[in-house]
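Asker: Sequence:
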Amino acid sequence: MAKVTVDENECTGCGICYNDECPEVFVEGSDGTSNLQEKYRKGNAHSGEIPDDKKDCAKKAEDACPVSAIKVE
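Residue numbering for the sequence shown follows the numbering used here, starting at 1 and increasing by one per position.
I should point out that these hints are in silico values taken from the structure, not numbers from a laboratory. Just so you know, these numbers come straight off a predicted model, no measurement behind them. Incorrect hints may appear among the rest.
Unchecked claim - As a list, the in silico DSBU-like pairs of lysine-lysine whose alpha-carbon atoms are at most 35 Å apart:
(1) Lys-55 to Lys-39
(2) Lys-71 to Lys-3
(3) Lys-42 to Lys-55
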């Protein structure tokens with residue numbers, strides 16, 4: 001499993017992660033910022049754990065994020 005977090009204060013809601021790079025992991029939240037898909041959330045909509053087979057996808061989103069709001073560990 002890989003840990004994923006989205007810094008809700010940094011996220012601009014551009015949609016690159018949930019529209020283009022990795023919609024399997026990320027989804028647009030009600031406020032327009034990026035959230036994790038509900039099944040991957042741990043505690044809140046902005047952090048959680050994803051299976052290893054989704055890590056490459058999430059890393060692409062991390063690399064594409066223009067404000068570096070996504071962290072994949």
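Asker: Go through the numbered hints given earlier and state which of them the structure violates, listing their numbers in rising order.
Answerer: none
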